[in-house]
Amino acid sequence: MFSITNRHKHSIYKPGTDQIAFTLADSVVEMDGQNSKPAFFELYTVLWVQSGEGEVKVDFGKYVLKPGTLMFLMPYQPFVIEKGKRFEATVLEFSSEFFCIEKHRHEVSCNGVLFNGIYGPPFLYADTALETELQQVVNAMTTELDKGGLAQEEMLFSYLKIFLIRASRAKMLTINGEVKDETRSDNSVLINFQDLVEGNFTKEHGVAYYADKLFIQPNTLSKLTKRFYGKSPGQVIKERVMVEAKRMLYLTQSSVKEISYSLGFDDPAYFNRFFKKWAQITPEEYRQRQR
Numbered sequence: 011m012f013s014i015t016n017r018h019k020h021s022i023y024k025p026g027t028d029q030i031a032f033t034l035a036d037s038v039v040e041m042d043g044q045n046s047k048p049a050f051f052e053l054y055t056v057l058w059v060q061s062g063e064g065e066v067k068v069d070f071g072k073y074v075l076k077p078g079t080l081m082f083l084m085p086y087q088p089f090v091i092e093k094g095k096r097f098e099a100t101v102l103e104f105s106s107e108f109f110c111i112e113k114h115r116h117e118v119s120c121n122g123v124l125f126n127g128i129y130g131p132p133f134l135y136a137d138t139a140l141e142t143e144l145q146q147v148v149n150a151m152t153t154e155l156d157k158g159g160l161a162q163e164e165m166l167f168s169y170l171k172i173f174l175i176r177a178s179r180a181k182m183l184t185i186n187g188e189v190k191d192e193t194r195s196d197n198s199v200l201i202n203f204q205d206l207v208e209g210n211f212t213k214e215h216g217v218a219y220y221a222d223k224l225f226i227q228p229n230t231l232s233k234l235t236k237r238f239y240g241k242s243p244g245q246v247i248k249e250r251v252m253v254e255a256k257r258m259l260y261l262t263q264s265s266v267k268e269i270s271y272s273l274g275f276d277d278p279a280y281f282n283r284f285f286k287k288w289a290q291i292t293p294e295e296y297r298q299r300q301r
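So the sequence shown is residues 11 to 301, counted in this note's numbering.
It is possible that part of the hints are untrue.
[To be verified] Between beta-carbon pairs, the in silico distance windows are:
| # | residue 1 | residue 2 | range |
| --- | --- | --- | --- |
| 1 | GLN298 | GLN145 | 22 to 32 Å |
| 2 | VAL74 | SER265 | 33 to 43 Å |
| 3 | MET182 | LYS286 | 33 to 43 Å |
| 4 | GLY209 | TYR280 | 44 to 54 Å |
| 5 | ALA218 | GLU143 | 24 to 34 Å |
| 6 | GLY209 | ALA150 | 33 to 43 Å |
| 7 | VAL74 | ALA218 | 30 to 40 Å |
| 8 | ILE14 | LEU261 | 14 to 24 Å |
| 9 | GLN146 | ASP277 | 53 to 63 Å |
| 10 | GLY240 | SER265 | 32 to 42 Å |
| 11 | TYR271 | GLN146 | 12 to 22 Å |
| 12 | GLU214 | GLN146 | 10 to 20 Å |
| 13 | GLN145 | LEU261 | 26 to 36 Å |
[What the hints assert, rightly or not] Derived PhoX-like pairs: lysine-lysine, alpha-carbon spacing no greater than 25 Å straight-line:
| # | residue 1 | residue 2 |
| --- | --- | --- |
| 14 | LYS236 | LYS223 |
| 15 | LYS95 | LYS171 |
| 16 | LYS223 | LYS72 |
| 17 | LYS213 | LYS223 |
| 18 | LYS171 | LYS19 |
| 19 | LYS241 | LYS213 |
| 20 | LYS287 | LYS67 |
In short, the hints are calculated from the structure, not lab data.
Fair warning: this is a prediction, and the values are worked out from it, not measured in the lab.
The beta carbon of each residue, even a glycine, is placed where N, CA and C say it ideally should be.
All chains should be built: construct the whole structure from the sequences, respecting the hints.
What follows is the structure in structure tokens.
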């Protein structure tokens with residue numbers, strides 16, 4: 011079973027409620043040797059590994075967690091840590107009300123770069139220089155949480171924004187190298203493609219629809235996604251559908267038929283075949299394994 015023990019934890023809450031808006035914690039994260047059920051956080055989460063090493067599965071990929079790794083998880087995004095592994099980590103959690111990823115995406119560029127792993131691994135391996143920069147921001151957050159004072163929420167918002175900007179810049183360099191002027195239009199197309207997928211994947215599953223909305227040919231879109239994501243646009247769309255299907259099977263009581271219709275499938279039998287092709291098991295079998 012997954013467990014997290016907070017040795018030092020600071021939180022602020024949504025005014026007038028017991029709902030967490032922002033949390034900073036030094037934590038011990040463990041997965042015992044008896045169970046490998048998926049775990050998840052309820053808020054946007056940055057898990058920065060300080061010690062320990064082991065594998066983690068997130069959506070369609072398997073990755074290595076080691077000191078210096080930052081893992082970026084969306085709310086309720088399932089992950090499975092290798093059995094018997096233990097990590098010490100700095101954990102940042104924040105609600106969408108405290109810091110809206112969508113609202114600030116053009117300033118911070120973290121949605122699709124850091125969070126939402128279907129467009130690339132939701133990880134960043136920080137070098138010593140970046141770790142020093144990020145630790146300075148975390149230290150400032152800790153001081154602010156300890157001392158409090160006027161406009162504390164605005165101060166923490168600013169520090170979180172700086173943290174995400176620095177992480178996003180580092181991640182972009184690992185993807186593209188130094189961003190050159192001639193790649194900026196490509197980046198713009200890909201950002202618009204991500205927006206279209208996020209807004210339409212429950213209704214539109216065909217590449218032609220997205221290419222048409224972007225005013226480019228399907229083969230041009232394919233070249234871009236293969237270059238930046240390492241996968242075809244059709245694969246991106248199907249993976250997004252599968253991520254949502256798994257989350258609905260795990261987190262809701264909706265029937266498989268209801269889920270198939272909500273994801274744009276007119277024929278539940280076809281949805282079953284689609285799911286089994288990608289997951290090697292049926293939707294109902296997947297749901298039973300998560301219980």
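| said: Of all the hints numbered above, which does this structure not satisfy? Sort the numbers upward. | reply: Of the numbered hints given earlier, those the structure breaks are 1, 4, 5, 11, 12, 15 and 16, listed in rising order.
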